[in-house]
Amino acid sequence: MLNRAALIRGWFTVATIFTCFTLGNYIGHYYFAGSRIPWLIGVIAAMAINWGAYGVLKKLT
Numbered sequence: 710m711l712n713r714a715a716l717i718r719g720w721f722t723v724a725t726i727f728t729c730f731t732l733g734n735y736i737g738h739y740y741f742a743g744s745r746i747p748w749l750i751g752v753i754a755a756m757a758i759n760w761g762a763y764g765v766l767k768k769l770t
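In the numbering used here, each residue's number is its place in the sequence shown (first place is 1) plus 709.
Please note that a few of the clues may not be correct.
What the hints assert, rightly or not - Derived CB-CB ranges, DEER-like:
{"#": "1", "residue 1": "Tyr739", "residue 2": "Leu716", "range": "31 to 41 angstroms"}
{"#": "2", "residue 1": "Thr770", "residue 2": "Ser744", "range": "33 to 43 angstroms"}
{"#": "3", "residue 1": "Thr728", "residue 2": "Thr770", "range": "16 to 26 angstroms"}
{"#": "4", "residue 1": "Ala742", "residue 2": "Lys768", "range": "36 to 46 angstroms"}
{"#": "5", "residue 1": "Asn712", "residue 2": "Ala742", "range": "43 to 53 angstroms"}
{"#": "6", "residue 1": "Asn734", "residue 2": "Trp760", "range": "17 to 27 angstroms"}
{"#": "7", "residue 1": "Phe741", "residue 2": "Leu769", "range": "10 to 20 angstroms"}
None of these hints come from the bench; they were simulated from the model.
All figures in this text were calculated on a predicted structure; none of them were measured in a lab.
Just so it is clear, CB atoms sit at the ideal spot from N, CA and C, and this is done for glycine as well.
Based on the provided sequences and hints, a complete structural model is requested.
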């Protein structure tokens, strides 16, 4: 059964990944002439944020 804590963890994970990927893609396209380096930095940031927040979000259950 899907409980509220699992829903919050899933939403946070998906929202963080989407935001970091999209922001990195946008910055690379508009400010760095199509470079993929800001997207790569966004990927690393998304992984770091989710990894760091995993312990805090795990306490919700």
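Outcome of the hint check:
no. : hint                                  : verdict
1   : Tyr739 <-> Leu716: 31 to 41 angstroms : holds (34 angstroms)
2   : Thr770 <-> Ser744: 33 to 43 angstroms : holds (40 angstroms)
3   : Thr728 <-> Thr770: 16 to 26 angstroms : holds (24 angstroms)
4   : Ala742 <-> Lys768: 36 to 46 angstroms : holds (43 angstroms)
5   : Asn712 <-> Ala742: 43 to 53 angstroms : holds (46 angstroms)
6   : Asn734 <-> Trp760: 17 to 27 angstroms : holds (21 angstroms)
7   : Phe741 <-> Leu769: 10 to 20 angstroms : violated (38 angstroms)
Against the hints set out earlier in the document, a violation occurs for number 7 only.
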